[in-house]
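Protein chains in written order, with this note's numbering: chain A, 1 to 490; chain B, 1001 to 1438.
In case anyone wonders, no lab produced these hints; they're calculated from the structure.
Incorrect hints may have been included.
[Said to hold, decoys possible] Here are the simulated EDC-like cross-link-like pairs (lysine to aspartate or glutamate), alpha carbons at most 16 Å apart as the crow flies:
1) Lys1088/B - Asp474/A
2) Lys1088/B - Asp480/A
3) Lys469/A - Glu1394/B
4) Lys199/A - Glu244/A
5) Lys204/A - Glu250/A
6) Lys41/A - Asp474/A
7) Lys204/A - Glu232/A
8) Lys1133/B - Glu112/A
9) Lys1373/B - Glu1352/B
10) Lys1234/B - Asp1145/B
11) Lys302/A - Glu228/A
12) Lys407/A - Glu486/A
13) Lys1088/B - Glu207/A
14) Lys302/A - Glu244/A
15) Lys469/A - Asp1156/B
16) Lys1209/B - Asp1156/B
17) Lys487/A - Asp44/A
18) Lys199/A - Glu112/A
So you can see what is in the structure, the chains are spelled out below.
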Amino acid sequence: MAINLNITEAPTREARLGAITGYAGTLKELVARTGCGGAVKNCDRTFSQASSCSSGCAQTLLAGIVDAAIVNHAPIGCAGDTIYHNIANQYGRFYRQWGNRNIQLVNTNMEEKDTVFGGNEKLREGILEAWRRFHPKAIFVTTSCASGIIGDDIRGVISEVEEEVPVPVIQVSCEGFRSKVWASGFDAAFHAVLTGIVKPPREKRPELVNMINFRGSARAYITRLFGELGLEPRFIIPFATVEELAYVSEAAVTATVCTTLGSYFGTALEEQYGVPYVKTIPPHGFAGIEAWLRGIGAAVGKEAEVERLIASEREATEADLAELRRRFRGKRAVLGMGPSYAQSYLGVLEELGIEVLHAASWHYDPRYDYGEQPPAIVRAAARENDVTFSVGDQQLYEITNTLSRLKPDLYFSRHPGSSVWAAKLGITAVPVIDEYTAFGHCGLVNFGWRIVDALTNRNFVTKLAQRVKLPYSDWWYEQDPYAFLEKEAV
Amino acid sequence: MAGVIEQIRNVCALGALQSVIAIERAIPIIHAGPGCGQKLWSALSNGNGFQGAGYVGGHSVPCSNATEQEVVFGGEEKLRQTVENALKVMDGDLFVIMTGCTSDIVGDDVGEVARSFQAKGAPLVYVETGGFKGDNYFGHELLWDALIDQYLKAADAPKPGLVNVFSVLPFQDPYWTGTLHAIADLLQSLGLSPNVIYGPGEGIASLNKVPAAQFNLLLSPWAGLKTVERLKEKFGTPYLHCPVLPIGATESGAFLRNVGEFAGVPAEQVNAVIEREERRYYYYVERSADLLFETRFLPGHFVTVADSFYSLGLTRFLINDLGLIPEVQFITEDVPEHHRSLIDAEFAKFDEGLVSPVFYGADGGTVRDELAKRSFRERPLILGSSWDRVAARELNGYPLSVAMPVSDRLVLSRTYAGYDGALRLTEDIYSVILGSFQ
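Start from the sequences, fold in the hints, and give me the full structure.
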């Protein structure tokens, strides 16, 4: 079903894609059951630990738009993650050699009386203050559990301030309780950009690539790769301007480093403006980058140039890869990441010659908005050996139990607050913090050498594990890791 | 604080979950939406000195992760399930159910759920900390109300010399661990037995001892007054309220005299301690004097952007001991109106009759607007949060991050309190200055 840009709110991933946060089984089984439009029922948990919500994902993208502002209509705690967003903002600006600047966001500081009498007035004040303080090119209003439950009239307030605020003011529906899938917040942010910012193309720009990512640390690398194809990347949406976002419709193609992040926006641009969206596996590892570059090449008619580029990149890194594979012989790993990375890194670790014992995915989309299963999981499931696979919204008690049973040499994780627990168990933990880790041929070998280093000196991890205890009872370690995951009714 | 807030410097009432985590082997159980725990931990811990998850913080905190289902149909059953299984899965000595906006707005009867577990002997209390009710200073006091009403048991007799230390908020103050221990060291130097409830120590045993104290020490401009008053009401424990966080010789000496007098420590003994500490302290201060008087890189007037603990404590030290000149002070938390006169009075007590304008409930916008109105002849010293480093750069000032959020420093055991703390602060300030050009 096509993405509907005539509505204010993007439906949640559960509603749109049948996304789940509870599953335990195997990779092949999950892929087989969700193929050809099939679905799996989400399994609830009778015990859970603090997850994350949509608003964090929405705000982390929107707070990065350099000349926009956010009005976070919420009690002050909902702005808690803005500190991390500012760290990311400062980091991204540092890499671009831009000056220091803080993100532009005000929180409306909803209080008890607002939950009784409504928070519309606070929101109005917030929008006007954001305009007065920052004079941004656009204002995004992010919602919260509190504003959602009391039913504040966001659209009404926005239409009231139209005359006083001469820039687009756009609602971003990201109430935490609406979705168990925090990535629904990415869609909420992209939906707001699509409905409030993006304009029809003035002209087509055959050299321009919309490059969907987070912080863009690999800008130089990608600019070089694309340059050899006669293409020019525009990194979105953090560190882009409102003007740049308005004309993403003019690009020749849209690519993404993370299919969980980019599939909604990419699909919508393809449907709405005919900008092809590269639907290959993500660009991690040799297979990933090669499929991805070929996808870009096919969209812009540069197939031959892409093949030449791949050959030279491969040649420069093949010897390193062979050496890494030799060093990793016999190494076993568990990985826990968001779905795009979990799926993509099954391939990455295979290329490095590291055996994956179990993969945990923070959620799972049985299909993307363009109607197909995620290509990376299909590819991973096509391998000869199956692997146990779980889906959970970062339920550390399940992961800890699993790790203590499997005792892998390595734990690869992505998401703040996940890898440290494996380290406390004495397992060499390699966090994949940067989205461009293992990106491309060079990125894969760099990542491999980082793993070599982590395995070479295990002193910190070993000594830490001897001294600290994890917060679980002995009883729990004797249970099945998924004991609190409700069984699917057959 | 009615207005909007730009650049948060504290969080909502549910942020008190970090106060629970600060008590060793105490475990919060959050009954709220899925993102609350992550956001609050990210702000108070990771974004604030990278304090880490510790034993049971971050994503390991049990949480009902409320969804539409719980909002529409009520979340009591989901909470009951979460608590029941948390008691099995998690290894802790005390569990604290803490609610968020979803539960408090839809009106879940959390008390009923908690009481059903308490009746079975579970070491558990509940506190309704919906984010809209107030900030984490308020939530921290709510937590103590719950501990006093539902958990603490009267002692047979007070233990002479035992002093409960109530002061800075765990995690909100990135330096809390070091600071509480520095205060404890000062008490110990007078022969008292400090009871530090948070951080590395005795954990729940420490909490259980609270009703047995000879007195409660509240070292805070205002936060915690409600708690020590409740403890007095319920257990008859007297309290000593010292509003100024002691940084440096002047305030540390005044603090020791104050405590000594209240605790009945002979004045000679107190003076001997002060004499000993000051001799050591001034050995180092004397060494610093060469730099302070023979450098072209002196700071100009100073600005603090911090909560009332630090804004007041730092200002006292910088004026009374370091001999600097105040420009303007921003107090970032929402100090309840009825406590402001007390803080105003403290801000009027400086040597040399110095005064400094003070803004309450200041946010990033207030700081920017007020600083823009002023002109600085020399490079100002800006003691604030990491947010304020941008303003400091614009003013060509010297920034040092001392208040939440401190995202440009790793903080482990560092403190600015007491005698040694003041030496650390002096080192840090002048290291920023000296490092600014080389």
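These are the hints, each one checked on the structure:
At roughly 10 Å between alpha-carbon atoms, Lys1088/B and Asp474/A fall within 16 Å of each other, so this suggested pair holds. Of the pairs offered as hints, the one joining Lys1088/B and Asp480/A holds, with about 14 Å between alpha carbons and a cut-off of 16 Å not exceeded. Distance check on the hinted pair: Lys469/A and Glu1394/B sit about 46 Å apart at the alpha-carbon level, beyond 16 Å; violated. For the hint linking Lys199/A to Glu244/A, the alpha-carbon distance of about 10 Å falls within 16 Å, and the restraint holds.
With a C-alpha separation of about 5 Å, the suggested pair Lys204/A and Glu250/A falls inside the 16 Å cut-off, and the hint holds. Taken as a hint, the Lys41/A and Asp474/A pair is broken in the structure, with Cα atoms around 31 Å apart against an allowance of 16 Å. With a C-alpha separation of about 13 Å, the suggested pair Lys204/A and Glu232/A falls inside the 16 Å cut-off, and the hint holds. Among the hinted pairs, Lys1133/B with Glu112/A is consistent with the structure: their alpha-carbon atoms are about 5 Å apart, no more than 16 Å.
Of the supplied pair hints, the one linking Lys1373/B and Glu1352/B is violated, its CA atoms being roughly 26 Å apart against a limit of 16 Å. Proximity of Lys1234/B to Asp1145/B is assessed by CA-CA distance (about 11 Å); at most 16 Å being required, the pair is judged to hold. A threshold of 16 Å between alpha carbons decides the hint, and for Lys302/A with Glu228/A the separation of about 10 Å falls inside it, so the pair holds. Taking the CA atoms of Lys407/A and Glu486/A, the gap is near 26 Å; set against the 16 Å cutoff, the hint is violated.
For the given pair, Lys1088/B sits about 59 Å from Glu207/A by alpha-carbon distance, which is inconsistent with the 16 Å threshold. Our distance criterion of 16 Å between C-alpha atoms is broken by Lys302/A and Glu244/A, whose separation comes to about 25 Å. Restraint check: the Cα-Cα separation between Lys469/A and Asp1156/B comes to about 34 Å, which exceeds 16 Å; the hinted pair is violated. For the hint pairing Lys1209/B with Asp1156/B, the CA-to-CA distance comes to about 11 Å; that is within 16 Å, so the pair holds.
A distance of roughly 8 Å separates the Cα atoms of Lys487/A and Asp44/A; the hinted pair therefore holds under the 16 Å criterion. The straight-line distance between the Cα atoms of Lys199/A and Glu112/A is roughly 40 Å, outside the 16 Å bound, and the hint therefore fails.
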